[in-house]
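J.: For reference, the chains in residue letters:
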Amino acid sequence: MSPWLPILMAVPVVGAIVVALLPKGSDKLAKQVTLLVSLLVLVLTGVMAAGFNPGGERFQFRAEYNWIPSFGVKFGVGVDGVALVLIALSVVLVPIVVLASWHDADGVKTADGTLITPKRSVKTYFSLLLVLETMMIGVFAATDIFLFYVFFEAMLIPMYFMIGSYGGAQRSYAAVKFLLYSLFGGLLMLVAVIGLYVVGGSKTFMFPELIGVIQDPAMQKWLFAGFFIAFAIKAPLWPVHTWLPDAAAQAPAGAAVLLVGVLDKVGTFGMLRFCLELFPDAAKAFTMPIVVLAIISIVYGAIVAIGQTDMKRLIAYTSISHFGFIVLGVFAMSDIASSGAALYMVNHGFATGALFLAAGFLIARRGSPFIGDYGGVQKVAPLLAGFFLVAGLAGLSLPGLSSFVSEFMVMIGTYSSTAHGSGALSVAAIISAVAVVLAAVYILWMVQRVLNGPTAEPVKAFKDLNAREVWVLAPLVALIIGFGFFPKPLLDVINPSVQHTLTNVHVPTSTIAEKGTGQ
Amino acid sequence: MNSIPAPTIEYGTLAPLLVVFGAAVIGVLVEAFAPRYLRKSIHVPLTLLSLFGAFALVLVQVLRGQVSTVASAMGAVAVDGPALFIWGVILVLSFVCVLLINDEGHFVASAAAVPGSADEEEAEAEGSGGHTEVYPLVLFAVGGMLLFPASHDLLMMFVALEVMSLPLYLLCGLARRRRLLSQEASMKYFLLGAFSSAFFLYGIAMIYGFAGTVSLPGINQALASNAQLDPLLMLGFSLVGVGLLFKIGAAPFHAWKPDVYQGAPTPITALMASGTLVAAIGAVLRVFWVGLGNLDWNWRPAIWGVAALTMIVGSILAITQTEIKRMLAYSSIAHAGFLLVGVMATFGTAEQNAVSLKAILFYLAVYGITTVGAFAVVTLVRDPGGEAGHLSRWAGLGKRAPMLAGVFAFFLLAFAGIPLTSGFFGKYAVFAAALNSGTQPGDSMGGWMAGLVVVGVVASAIAAFFYVRVIVLMFFSEPAADGPAIAVPSAGTVAVIAVSLLVTVGVGLYPESVLGIANDAARSLFIR
Amino acid sequence: MTTHYLVLSGLLFAIGALGVLIRRNAIVVFMCVELMLNACNLAFVTFSRQVGNLEGQVIAFFVMVVAAAEVVVGLAIIVTIFRTRRSASVDDANLLKY
Amino acid sequence: MTLVLAADPTLADFGKDPLWITIVKAVMLFAFLMLGILFGVWFERKLISRMQHRYGPNRAGKFGLLQSVADGLKMGLKEDLFPNTVDKVLYLLAPVIMVVPAFLAFSIVPFAPMVNLFGVQTPLQLVDLPVAVLFMLAMGAVSVYGVVLAGWSSRSPYALLGGLRSAAQVVSYEIAMGLSFVAIFVFAGTLSTSEIVKAQEQTWFAVLLIPSFLIYVICMFGEAARIPFDLPEGEGELVGGFQTEYSSSLKFALIMMGEYLHTFTATGIAVTLFLGGWRAPFPISLWEGANTGYWPVLWFLIKFILTFSFIIWVRASLPRVRYDQLMSLGWKVLIPVNLAWILLVAAVRNVVVGEGDTMLGVGLGVLIVIGALAIWMRFDTVNQRRKEDKKAEIEAEFEELSNDPTAGGFPVPPLDLPHYHGVQHKEIPSGTN
Amino acid sequence: MDLYVPILVLAVLAGGFAIFSVAIAPFTGPKRWNRAKLDAYECGIEPTPQPVGGGRFPLKYMITAMLFIVFDIEIIFLYPWAVSFAPETDDVGRTIFSGLGLFGLVEMLLFIITVLVAYAYVWRRKGLDWD
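Chains as they are written, first to last, in UniProt numbering: chain A, 1 to 519; chain B, 1 to 528; chain C, 1 to 98; chain D, 1 to 433; chain E, 1 to 131.
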């Protein structure tokens with residue numbers, strides 16, 4: 001029993017309540033409190049993470065409380081390596097998002113004073129953000145599948161309101177689409193969760209105890225399908241990806257970062273942990289179709305991204321492409337690919353986060369998300385342009401930046417995966433490599449159109465980044481570059497837990513034996 | 001010749017019933033003798049106290065561990081664990097509804113007067129906040145609701161059904177605003193209700209012809225000893241089923257629900273949507289479980305179809321609604337379908353029975369209270385002509401009244417079954433029970449149960465759409481310039497909303513609080 | 001012997017049910033419902049004779065009470081609506097549609 | 001048992017007759033009733049005339065005995081009108097519906113105990129049922145259909161109103177009448193008329209249950225629509241009521257017969273249920289043979305005719321009441337009094353017969369009486385209204401007086417008369433006089 | 001069933017007589033057609049046109065009818081009670097209560113009180129007043 005995780009989850013909730021209960025007119029105070037709370041969580045997480053022993057048992061900082069004994073549900077939390085890094089990703093992003101959306105609810109004005117979004121309740125926004133933080137931590141930390149499900153679904157609601165109330169012009173459409181897609185997937189997963197409980201007969205939802213309880217292959221396939229569809233919707237995999245561009249484009253920049261950076265990771269995280277480990281046979285049986293879907297996502301996302309005129313939609317489509325990589329890595333079932341996928345989740349969070357935020361700052365200045373409305377930002381706001389460029393390059397996985405490591409690991413791992421027979425996935429790996437080229441096209445083209453060329457008239461009024469905005473982007477860029485050169489700390493944490501996963505999936509040991517850090 | 005022995009009656013066990021009926025009778029006397037200006041101030045405490053007293057009596061029975069294991073009153077009423085739980089739920093719900101009813105302005109002063117006539121004006125002038133007959137009528141209805149699920153023979157059930165329904169027919173027609181609508185609702189409810197109870201009764205007759213008795217255990221015994229498929233029996237049970245399914249508003253017998261919910265005064269709608277549903281589901285359980293225990297291979301496929309149809313019809317038709325109360329009515333239909341899934345699951349071993357029963361009881365409790373809360377919110381959003389029923393009038397409510405809209409949104413999320421609300425656990429419990437029953441050894445409907453759950457899931461997803469649509473309307477649309485006024489809620493209404501919210505949140509966070517009680521109640525099962 | 005009564009009761013019930021479905025005047029519909037209840041009574045009494053206990057007859061008594069109560073409530077409702085709109089046709093009651 | 005002539009018949013003795021005896025008895029009863037009507041009409045007219053110092057019928061036959069026959073023939077020879085607007089089927093059916101149940105209602109009245117009828121031992125009573133009294137009440141209720149249908153099918157305001165009034169009156173009094181029997185059943189323990197007669201071996205119920213009897217007598221008038229409760233016809237108000245459109249043909253004759261039969265039934269029931277039926281009255285009953293053979297028919301007929309005469313006597317003496325008085329008597333007096341009385345009877349019976357519960361029974365009895373009184377006092381709206389009227393009257397008078405002090409009193413000279421106040425007297429201009 | 005045969009016989013007699021009378025009436029009397037004679041009788045004024053399907057009943061009668069039903073049903077319950085409540089004579093000749101006894105009394109008291117409550121309500125609400 002370790003109190004760490006419950007404390008981590010409780011702090012933001014308390015913060016949210018405090019923020020919500022602040023008296024009217026104390027908007028500024030609300031922001032400050034939120035920032036403080038999120039920083040506190042960050043510090044606490046750091047301290048906790050320092051105590052994580054990568055070589056120790058799989059789940060650490062475990063805590064279990066009886067929650068609903070009638071259903072056999074426990075409030076069970078604990079983290080393995082993958083979960084830890086994803087929690088870390090979340091708690092790092094939250095303060096950044098707080099800073100980034102400092103004025104989002106105040107009514108976003110362009111440089112020339114036109115209002116993009118009207119003034120809305122600041123307190124609500126930030127308390128929703130803190131609630132969301134709790135749920136993000138909870139969803140990664142849950143070792144009880146029921147608890148996982150609860151957070152998985154409940155997470156939608158604050159995000160729904162953040163998009164719906166604080167987003168762009170099409171926000172309500174986007175919010176509803178987002179909610180219904182996710183909800184539908186979630187409900188299918190609910191059936192599977194119940195099925196797991198009922199069919200498994202072990203009268204518990206605790207993940208470690210459920211591994212291997214489903215032996216019947218047909219049942220495995222059904223339940224796998226239930227889980228996988230939910231996760232595929234969440235980590236938008238073609239063809240159920242359509243909600244993401246809308247949601248990401250309409251969400252305020254900060255919410256978009258959390259949406260794409262963290263929420264969608266729940267899907268891939270779930271695939272890695274639950275789909276593979278609970279239903280190894282089904283996972284293997286379904287690998288080929290899933291890999292095909294992943295490849296389609298990768299290529300489709302990239303191609304469609306090229307055609308986008310809206311920056312945020314473009315970034316969303318790049319994400320779809322990247323999620324294709326992650327799914328590919330997960331289902332390659334080799335340790336390199338799976339570790340790469342796990343690492344990719346983190347790196348993508350940083351990279352896309354930075355890109356969204358930088359784009360958000362641009363949009364906040366110009367009032368338009370369309371690439372065609374920009375040009376020559378480089379000359380007017382060099383700092384902003386610089387950050388935008390670095391973030392963009394991270395998005396195309398430039399060597400030396402963090403994404404490259406993970407993308408490379410996924411491709412190598414997939415190519416060499418023997419889990420499904422030697423060379424079965426090599427074609428997939430090769431096709432996915434094509435997407436790297438496409439990525440260069442969409443990112444560089446956007447960067448070029450926005451930053452270079454003749455300076456558009458409205459752009460001339462742009463101010464460069466202020467201190468707050470620098471504080472938003474600088475840590476992300478630092479992390480991108482840092483992990484690009486030195487991913488070992490992350491991999492050290494991730495690898496053992498991926499090993500656990502693969503052991504439970506019973507992939508041939510030959511691939512496990514061939515260890516490598518990729519670098 | 002005079003060989004009728006004096007029956008024995010367990011007054012202690014039946015005390016909650018007697019208190020409610022007694023208070024209703026006293027209420028009639030108050031109507032008759034108290035001067036008009038005093039009536040309300042007598043009625044309200046009387047009604048609330050009696051409901052509270054009955055609840056306390058239920059509690060006493062539970063706490064002292066005196067849950068009876070044999071039917072009371074010569075086998076007419078069975079006050080077993082589930083019945084006590086249902087009683088508790090109904091009493092709490094009706095208590096809360098009475099607080100809502102107590103609010104001024106929902107009821108007309110003189111129902112018999114032609115709207116706008118001099119008679120009505122006169123009645124309004126000397127009235128003290130509308131019809132005071134409402135209180136005894138509500139008490140009678142509540143008494144019927146208590147008796148309905150506790151009836152141990154079909155005759156008692158029929159009488160209870162009518163005792164419950166007749167006051168409700170009247171109450172439906174007492175709305176102060178939109179009188180024509182209200183009266184029409186009343187008439188439709190009455191005609192259809194009487195029609196369905198005639199079916200119910202004919203079904204009882206057929207069953208009596210088959211079994212020679214109307215006592216539920218007696219019927220079950222007759223079934224056990226006579227395995228062959230008697231047409232009388234089949235006819236009887238289908239007719240009884242029609243009557244019961246009508247009361248819970250299951251498709252295809254749901255047509256009355258939207259009309260009546262829309263036309264009735266909103267506090268009464270709240271009472272019907274919560275209390276009546278709870279009572280009717282309790283009765284359905286008792287009939288199908290106690291009376292038909294030995295015949296389940298026959299009724300389950302039929303209920304399967306009805307449950308699936310109900311969920312789908314409720315969810316899909318709700319989407320097309322533009323009236324908030326009609327929408328909630330269709331939502332109630334869909335929820336009746338979910339509950340029927342639970343009824344389906346009461347098959348197999350005693351353990352499975354208990355699991356399903358627990359699920360249904362829990363669902364009833366949490367759904368009921370959330371419903372009352374939702375309707376309480378509806379009463380507060382008002383146009384000059386009464387409640388702002390049309391959905392378009394609710395646009396932008398989140399900006400005009402963030403608290404109210406937030407609470408309502410929360411209730412809607414609970415209806416939709418979003419985790420961390422009570423509704424989620426209700427739905428979960430029912431689905432889990434259904435899937436669990438599919439794994440019962442020897443159940444030929446295992447796969448079907450899974451199929452039903454999938455239908456349920458699809459229906460929930462569809463249903464989520466229209467709940468979310470209202471939230472979108474409230475929060476993400478701009479308010480109209482002449483939007484509805486938000487009435488200043490009376491203390492009673494505030495209390496209703498607060499209690500509903502607390503329960504919905506509290507149970508959502510810690511469902512074990514109610515689940516535990518439901519579990520205890522369900523473990524003792526119905527007296528068979 | 002009792003079969004005839006049952007057939008009669010079934011016929012009455014069917015006539016009542018059909019009447020409810022096809023007649024338009026609220027009072028007539030209501031009368032049809034009463035007819036159905038009486039058909040039930042007939043069935044009860046017949047069965048009482050057939051199965052040889054008195055329960056059916058007792059039930060018939062209760063049904064009468066209920067029918068009486070229903071008459072009182074029903075007529076009150078119908079008369080009220082009739083006074084308000086000067087028509088007892090079910091078709092005229094069409095406000096509650098969407 | 002059937003060998004002993006004196007044995008009182010019980011339910012068990014019925015339903016054993018051969019068919020021909022049944023037919024014979026039915027024909028006899030039919031004939032008795034038909035003749036009874038003829039005789040009854042004559043008797044009524046004659047008696048009333050005597051009470052009013054007139055001769056009454058005296059032309060047709062000896063003492064005018066054939067007057068009714070002549071009337072009947074006249075009606076048969078009248079034109080059978082068939083008004084334009086009537087609902088033909090019901091218009092024709094209504095008299096039939098009225099008259100047939102009226103005949104049937106009499107079938108449960110016992111005339112005598114076991115007699116030897118053409119060599120067969122049989123009770124002199126057409127039939128007895130376990131629910132005989134209910135049957136009688138049911139037949140009475142069916143007749144109401146005739147009345148309502150007659151009124152309704154005539155399509156005439158007078159007829160409709162008359163029919164409705166009649167129906168409302170009859171059903172109102174039927175309740176009180178039905179309640180008045182309950183006390184009897186508490187004593188007799190049966191609904192069968194022959195057994196009720198048997199139960200009056202010791203004491204007539206009219207003596208034992210005086211309130212019940214009084215209520216029944218009142219109801220009898222209401223139920224049979226006789227003066228003072230003959231409002232359905234109400235010639236003064238309704239020109240004949242529901243039978244307005246039945247001109248004066250045989251249909252009308254049927255209606256008349258139906259009404260007369262109701263009176264007979266009411267009388268017969270009074271005799272059977274309250275006045276000991278065919279049992280000989282006290283001094284005669286000392287004679288052993290009084291209650292055997294055909295003698296009881298005599299006692300029955302004497303009682304019957306006396307009761308009938310009473311009805312006629314009332315007709316001669318009392319005026320018709322107003323409709324609201326009629327209704328409020330039925331609803332506000334007879335019913336509550338009846339209910340209280342029933343409970344009192346039951347409580348007393350409980351005390352008298354029950355063992356150990358005496359004190360409780362007494363307490364309950366007292367409670368019932370007090371409760372009934374209290375309710376009665378509280379509800380005595382007639383009294384209340386009288387008081388209110390009185391008060392209003394006084395107030396109105398006061399008002400009037402305050403406005404106009406001289407009103408209603410002796411002529412009082414105005415205070416400003418010149419000679420009271422010498423100083424202020426009016427100037428009388430000169431030259432005006 | 002046999003018990004009802006005599007009633008049937010009498011019904012046939014009475015019904016035959018009644019139908020015969022109604023049927024014979026048109027043939028025994030004269031026929032003298034006159035328009036006014038065949039109008040509804042309204043003391044000489046032009047007859048009020050009556051709606052097809054019968055006129056409307058005043059509401060007052062409806063209330064009476066409803067009250068009647070309620071009380072008639074009460075009577076239906078009183079009769080079996082009265083019969084069961086009546087004491088009977090046992091073998092030794094004593095009069096005893098074999099069945100309901102005090103219980104029956106109390107139950108009936110409660111029943112009548114309940115009905116009286118409704119009755120009181122109707123009375124106070126002027127349901128029994130005829131104006």
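Read the hints as simulated data drawn from the structure, not as lab findings. In this text the structure is predicted, and so the values were computed from the model without any measurement. A hint or two may mislead.
Claimed, not checked - Listed next, the in silico DSSO-like pairs over lysine-lysine satisfying Cα-Cα at most 27 Å (straight line): (1) D/K78 <-> E/K126; (2) A/K119 <-> B/K40; (3) E/K126 <-> D/K332; (4) B/K399 <-> A/K177; (5) B/K399 <-> A/K24; (6) A/K24 <-> A/K119; (7) E/K37 <-> D/K391; (8) E/K126 <-> D/K74; (9) E/K37 <-> B/K40; (10) D/K78 <-> E/K37.
J.: For a quick check of understanding: which of the numbered hints are violated here, in increasing order?
T.: 1, 2, 7, 8, 9
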